[in-house]
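Modelling step: build the complete structure from the supplied sequences, incorporating the hints.
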Amino acid sequence: MSRSKKYRSTIWIAVGIFLLAAGYWYFTANHLKRQFSPLEWQIITEISEKPAPPKDPSNQYLNHPAAIKFGEQLFFSPLLSKDKTISCATCHPKENNWMDGKAVAVGSEKGTRNTPSLWNTVHNRWYFWDGRADSQWSQALQPFETPEEMGSSRLAVLHALNNDDGLKQGYEKLFETNLDFLADSVRFPPFGSPVIEFGLENPWLNMAPEDQHLINQHFVNIGKSIAAFEGTILSPPSDFDRFVHAVSNNQQTDYPESALKGLKIFLRKGNCTNCHSGFLLTNKEFHNIRLNEENGGRYEGIRKLLVSNFNKNSSFSDDPTTSRIEYVKLVKRNWGEFKVPSLRNVLYTAPYMHDGRFATLRDVIDYYSELKEAVPDIHVNETIIKPLNLTEEEKCNLEDFLSTL
Amino acid sequence: MWNESPDSLNGPRKTLRNWGILPYFEMKKYLTSIFILSLAFFTSCDTSVSVSHLVKIEFEPAEIPFNEFFNVLIELDTAHFKNVDLQQMNVEAIMPSHGHGMNVQPIVSPGEKPNSFKASGMLFHMRGDWEVQVFIKHADKLEKATLDVTI
Chain A
0 MSRSKKYRST IWIAVGIFLL AAGYWYFTAN HLKRQFSPLE WQIITEISEK PAPPKDPSNQ
60 YLNHPAAIKF GEQLFFSPLL SKDKTISCAT CHPKENNWMD GKAVAVGSEK GTRNTPSLWN
120 TVHNRWYFWD GRADSQWSQA LQPFETPEEM GSSRLAVLHA LNNDDGLKQG YEKLFETNLD
180 FLADSVRFPP FGSPVIEFGL ENPWLNMAPE DQHLINQHFV NIGKSIAAFE GTILSPPSDF
240 DRFVHAVSNN QQTDYPESAL KGLKIFLRKG NCTNCHSGFL LTNKEFHNIR LNEENGGRYE
300 GIRKLLVSNF NKNSSFSDDP TTSRIEYVKL VKRNWGEFKV PSLRNVLYTA PYMHDGRFAT
360 LRDVIDYYSE LKEAVPDIHV NETIIKPLNL TEEEKCNLED FLSTL
Chain B
0 MWNESPDSLN GPRKTLRNWG ILPYFEMKKY LTSIFILSLA FFTSCDTSVS VSHLVKIEFE
60 PAEIPFNEFF NVLIELDTAH FKNVDLQQMN VEAIMPSHGH GMNVQPIVSP GEKPNSFKAS
120 GMLFHMRGDW EVQVFIKHAD KLEKATLDVT I
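For the protein sequence lines, the chains are A and B, in the order given. Be aware that the first sequence starts at 0, since it is given in numbering that gives the first Met the number 0, and climbs by one per residue. Be aware that the second sequence starts at 0, since it is given in numbering that gives the first Met the number 0, and climbs by one per residue.
By construction, these hints were calculated from the structure, which means they are not laboratory data. It is possible that some hints are incorrect.
[Stated by the list, open to error] Within a straight-line C-alpha distance of at most 25 Å, the following computed PhoX-like cross-link-like pairs (lysine-lysine) qualify:
| hint | chain 1 | residue 1 | chain 2 | residue 2 |
| --- | --- | --- | --- | --- |
| 1 | B | Lys143 | A | Lys328 |
| 2 | A | Lys83 | A | Lys109 |
| 3 | B | Lys136 | A | Lys328 |
| 4 | B | Lys143 | A | Lys331 |
| 5 | B | Lys55 | B | Lys112 |
| 6 | A | Lys328 | B | Lys117 |
| 7 | A | Lys68 | A | Lys83 |
| 8 | A | Lys83 | A | Lys172 |
[Stated by the list, open to error] Residues from chain B shown here face chain A by an in silico Cβ test under 8 Å; the list is partial:
| hint | residue |
| --- | --- |
| 9 | His99 |
| 10 | Val103 |
| 11 | Gln104 |
| 12 | Arg126 |
On a predicted model such as this, the values are computed, not experimentally measured, just so you know. The C-beta atom is built at its ideal place from N, Cα and C for all residues, glycine as well.
Listed below in structure tokens is the structure:
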């Protein structure tokens, strides 16, 4: 064999090996994608698709660096609560995925609802389990005046802020205002609110309407600052996101086989994507999953939302045209509905459901599999809530998949 | 423009299902995301009556966005639909296989053209088969048009 022939053979062998390796690599990478239908793959990619930067025209301070910084100060400050021991971070500690890990929240007193994590909440459409707020700034205001949470009142909150040099300075600089008017204790009593029952002694009732409006405006600024900070609480990519990215780019992945099986159950037998879809793994809406009917849930939420002075349709919104409240109508079927929670970081946000009744992910899966103790479906319109009858292996696979979100 | 080629399908699949409250002629056809042509034959107990109706439906945006608000633009044939009662005109959407509909109630307002209407505030929050329902009250009659849409 001539030297040039030998040379050519070597090149052809090298090219062959390269093509074989590339083919093997391409086939194994695409092998994963081919296990799903085009629609399933679309649903999968929607989950891992990073949403556009958050925006809320009703809050001009969202994404405002100074507001974010001041909002962070407020978030971690216990000074604004009634007994000066409770802050937003009490129930939403950063080190615990922005939630307390308790079945129901415990602030000044024991509450009735499970504390949701704050991850990605800027992307929510409604806030609270019952959706009684339609913006994050409106949501952020309510714990101040809820007896089980901070137990304070809007007047007391503003006085507390005014009495702390650091907070006062930060507030006045950010909003280019002056809170010295609060020194007039006749016009601006030390406590009072229109939403808290103080009996006949509620000083709010004796205030001039223009003074009430002034207090409301400053109170709303506090909510908008906290919302600006909460808007920065965005979860990093998950193992599932990395898996989808790798498969989409024909790269190898070490995504666990059991989680992959769990993903198929999530999409097919479980029909979980009916409600848990998109980046947040929630359709952001409300459903009755037959847990109980004693709690009004969304029904009560809509009632409160429609009469709230701080909804997006109010004069305190920076852009009332973005309100969707006019499309919300109170109907009988809203009774017992609760917001579909996000499944991002779900492994770390136990316990589960609006009342924290399930301690583990496995408990949740067991519920959907058998629907033990579910209320009879004759009282609920959601005909898709049927026992999934999962096998032991399927339950484990589903749990493994959920753990990667 | 009331005719469309079946080949011009874009976006979510839409199937014309029925039109009217009495036995109807059912036709299924792929249509564009812009509008439907609705043709129905009505019969009553005593007499047989054939009526052709035209209803034009447009989605705004043209491709219905999943889990985002959108509008429905409705244009009624002026020859058939006279004195339409806007107050009783209603647009809804249900998921027959789920046993529920939208979580919102759209608001219907007059459109720019005569006998045209705009339903704002539609939201399909789940994937699957939806049935858009348009209720039209005119000349003391309440009629319903339905349109199947798969998201």
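Here is how each hint holds up against the structure:
| no. | hint | result |
| --- | --- | --- |
| 1 | B/Lys143 x A/Lys328 | 22 Å, holds |
| 2 | A/Lys83 x A/Lys109 | 17 Å, holds |
| 3 | B/Lys136 x A/Lys328 | 22 Å, holds |
| 4 | B/Lys143 x A/Lys331 | 23 Å, holds |
| 5 | B/Lys55 x B/Lys112 | 12 Å, holds |
| 6 | A/Lys328 x B/Lys117 | 19 Å, holds |
| 7 | A/Lys68 x A/Lys83 | 21 Å, holds |
| 8 | A/Lys83 x A/Lys172 | 24 Å, holds |
| 9 | His99 | 5 Å, holds |
| 10 | Val103 | 4 Å, holds |
| 11 | Gln104 | 4 Å, holds |
| 12 | Arg126 | 7 Å, holds |
Figure legend: structure checked against the earlier numbered hints; every hint is met.
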